[in-house]
Amino acid sequence: MEFLTDKVALIGNKGKGIRSDCHVTMELPETGGIQIELISKVESMYGNDIRKLLHDIISFYGFENARMLVEDFGALSPVIAARVEAAVRHLSGSEKEYLLPMSDKNKYATTRDRNRFSRLYLPGNTPSLMINAGVHKPDGIILDLEDAVAHTKKYEARFMVRNALRNIDFYGAERMVRINQVPAGLADLEFLIPHNVNLILVPKCESAEQIRLVNEKINELKAKYNINGNVWLMPIIESALGVLKALEIAQSENVVALAIGLEDYTADLGTRRTQEGTESFFARSMVVNACKAAGIQAIDSVFSDVADMEALKENVIRSKALGFDGMGCIHPRQIRVIHENYAPDTVEIEKAKKIVNAFIEATAKGLGVVSLGTKMIDPPVVKRAQKLIDLAITLGKLSPEWHDEFLNA
Amino acid sequence: MEFLTDKVALIGNKGKGIRSDCHVTMELPETGGIQIELISKVESMYGNDIRKLLHDIISFYGFENARMLVEDFGALSPVIAARVEAAVRHLSGSEKEYLLPMSDKNKYATTRDRNRFSRLYLPGNTPSLMINAGVHKPDGIILDLEDAVAHTKKYEARFMVRNALRNIDFYGAERMVRINQVPAGLADLEFLIPHNVNLILVPKCESAEQIRLVNEKINELKAKYNINGNVWLMPIIESALGVLKALEIAQSENVVALAIGLEDYTADLGTRRTQEGTESFFARSMVVNACKAAGIQAIDSVFSDVADMEALKENVIRSKALGFDGMGCIHPRQIRVIHENYAPDTVEIEKAKKIVNAFIEATAKGLGVVSLGTKMIDPPVVKRAQKLIDLAITLGKLSPEWHDEFLNA
Amino acid sequence: MEFLTDKVALIGNKGKGIRSDCHVTMELPETGGIQIELISKVESMYGNDIRKLLHDIISFYGFENARMLVEDFGALSPVIAARVEAAVRHLSGSEKEYLLPMSDKNKYATTRDRNRFSRLYLPGNTPSLMINAGVHKPDGIILDLEDAVAHTKKYEARFMVRNALRNIDFYGAERMVRINQVPAGLADLEFLIPHNVNLILVPKCESAEQIRLVNEKINELKAKYNINGNVWLMPIIESALGVLKALEIAQSENVVALAIGLEDYTADLGTRRTQEGTESFFARSMVVNACKAAGIQAIDSVFSDVADMEALKENVIRSKALGFDGMGCIHPRQIRVIHENYAPDTVEIEKAKKIVNAFIEATAKGLGVVSLGTKMIDPPVVKRAQKLIDLAITLGKLSPEWHDEFLNA
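Protein chains in written order, with my numbering: chain A, 45 to 453; chain B, 45 to 453; chain C, 45 to 453.
Calculated from the structure, these hints are not laboratory results.
Heads up, none of these hints are tricks.
Copies of one chain are not kept apart here, so a pair can be met inside one copy or by any two copies together.
Calculated lysine-lysine pairs in the BS3-like style (CA-CA distance at most 30 Å, straight line):
#, residue 1, residue 2
1, LYS357, LYS395
2, LYS395, LYS198
3, LYS409, LYS198
4, LYS181, LYS441
Based on the sequences and whatever the hints tell you, model everything.
Here is the structure:
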């Protein structure tokens, strides 16, 4: 297909290794009618369906003339739709959204203190990595609009991420998106809030004011779209200033965790990340303390050597010992090691059993106060023990009948 | 003895291993006169004295009918009186205090910067541990109303601690009480301030505001009871929030030291206390720095393995190296090791001798400035050196004639 | 020469080992005319010149009677002038300054972010150490008015330092002076600001308020003497309070770096400085983070064992790994080791080359955004990489033609 005007949109990915994606070349000439060329490796099975989708989109935007080449590498409908919509809106300036019906499977909410051992980073413009991400059962998936998306691809990635939120099944993982740095990243929210994003990662956060701006924008969008659910925030601390401001950030509204990003942090110090982590010990300690002081979770940095599972394990053990509740991951194979080593161990489970039992007994006796020996147990400690017990049961590390067994032991 | 009404007070301890204590069972029926039964293992020697005391208390409160069983395990008078008063007031709601005359030996004050290497925790409702505590010569004893007292025993423990402050000899140890968490713990002060408590430990402190409330209550009681002496405060930092607020707490009025409590702190982080202490290094550093910034003492956490003296010694050496001035202890046998290893060593004494000598020389010459070589020595450094020299003399590590020897060396 | 009155000024140094200095004994009697005695080891070559200078000074102050003994040990004119002026002004109370013409070589300015690997401490009253200091090419020299000057010598040291700033060639090293503690040290500024001092070290800094006072005094003097250049500030953190206030100090106006002083800091903690530095790890981390958060340099403490180059090297490596940008030194022989080990290494240079290349490419393409892979590179990171490349070229670690080589590789 030959393109004639100066104004041609090139959207999506093509080339060696590209799959589950498509590349759209489009122009909107003044004459010539609708001309669509589709090159697809699944032509025989899905060619007609794809063509129907392409025509539907063109028709939705009301164009009488359009020239479009779609090179398809096995893209699903929401991917194709995202690519074509990005092309159309880029060329026409239209603000209209072309939305496929949202999957019912994608309408779940998450709780403030749900388990967050692992969260898998997925580049926001790479649909092939999103399709099966949920199968690996990370606690959360992160559709990344920031560092994993090239500057020239920022525009189209928002459409891709929006459609992923609507139509890709993440199997119950918490649906997170990392926006671009505030204030630029505020505009990303328009593509996320109406589509049941559970949590927003705010990169390079350095003040409570940045979080206030994010909340303000989210509230504006929630009002506009009549949305009631919570949108949690996870600021990422990745600079010395962020480290020193960690407490005010952690205490901000809707923040459920702070993450620390050590690549950028060590670059900010002008030093290098080491395996022992001496250079970031202060920063990690400050972040853990700020989180616990604010009653939220502390999330550790990703571990970048995806081949070394033993080193990852050691890293998780050290991380948990410092007080972190989870970490990021950049490859699905890291998830199992992360889950196994952040999971409550025998000592923790035994302690939690004693506390929960003391609570059960106190409640049975109508006491307002839970005690273990002479020591009173504060309500948050009881709640945390109960949560740990529930988690241990979920992970198959504890029988649901543990209490009967405890009483009979 | 048979008790007839529903309202029976059960106060004190009995059972295997109980000594120096008694257990009181009491009711205040409407008829029947005064009925007292005493079962005592020291009946032959002290039976009449004890009965006289019991009648005196009943008479003090003006009851015409009372039924009381006292099971005595060698309790001293102030212990028996505390138990009976608690029973009487619990049953009658009377606010009157039954006070034995305060021992003259218990009227000493302590100074803001006195030595505080060791402070021995004593459960506030266990008189047997209090009786000889002072013999072991800790720098301070802590009568604990918080974690070492079961919730059901909080009421009676206040009477026990009050009478201990009045009538048990602690041989010059600083007389400390750990109250319950603020705000609940403020009510404990009524039982302490009029009875020459030297220092109040404020547990789980997380803000200067909590200390302000404690000071306010103390000042109110000092005014009410016409008391002039100082009541020092030692907040305990045992949470992440407390750690991050350490400076404002340390700078609060009447605070002479911060203590750190690592069991609760590590629980707050959701981690575990280790021998190396990596998980609490940041917290301990912050507390030390906050204390030194405020010009007060930094007191380390207790060491819980009371059998391992070698590990305790290593712990003290590391603690002192970080800047701590002392630590808590939970068994008298820990005191000697703590004193020996926090005590000034030869290097410190030699340095202090040089500074004090420079001060003596400057004073002799009428100079306003003390110098060592070219370096001016600030007055607080001179003062600290003088204090260290005095301490070294007290501990027998330095001759009182050291200065003559220094000049002749 | 015999001195007759009570009021005799004794200024400068004499005795074994003294060189490049002189000692002035002077009185201003009411009669007797001008009597000058010179004892000089360079009498034969410079005797007449020195006598001329002495007469010139006496005449400048308009005295008709003066008795002066000058014992000279090879002092340069600015040294002799400083000693005699101090004597004259001490005796007469005159505020007039006797200034030799300022050397043109001493009129250079320094930039906010110039390289500061090494800064050599020079006692402010010891001219012999100043004369050749610049030859060793430290990044900066510190004329010290504080700890290296005895209290009795503070007065005369100001004249010495002022004349050094005017007439001693430091070969391009940044011209720094450590003043005495604020507020006393504010008076030192009168002797420094009019004489092109580049940077003021503010010792034992504990608040932004102290820096505000220094800036206020500097601005007052700049206005008075019509000076436009910048005077940078480097506060020294050497107490626990300073550590906890590091961020507010780092963010103060004209501050280009914080230094940490570990001898005084560990004394403030009541502990000792060790080779491993566990006792100061928190403080050093806090200072590094405060500096990077404020976008300024972090400067480490001096290393006091001037004989052990291997230990110094290890110290620098650890210091750089923590994020420090340089350190103090107390002997010229430390400079080379310091420079070599703070200098950018191969890994840093390679990374910087990639970033600068990406910047060059983005600029060539007219892009407003610099990217490496998908990751956008923030402007400060680009600027830092450019600075590192420039430095590597200056240090001979990189060819000025590196970019051509990079493109051809």
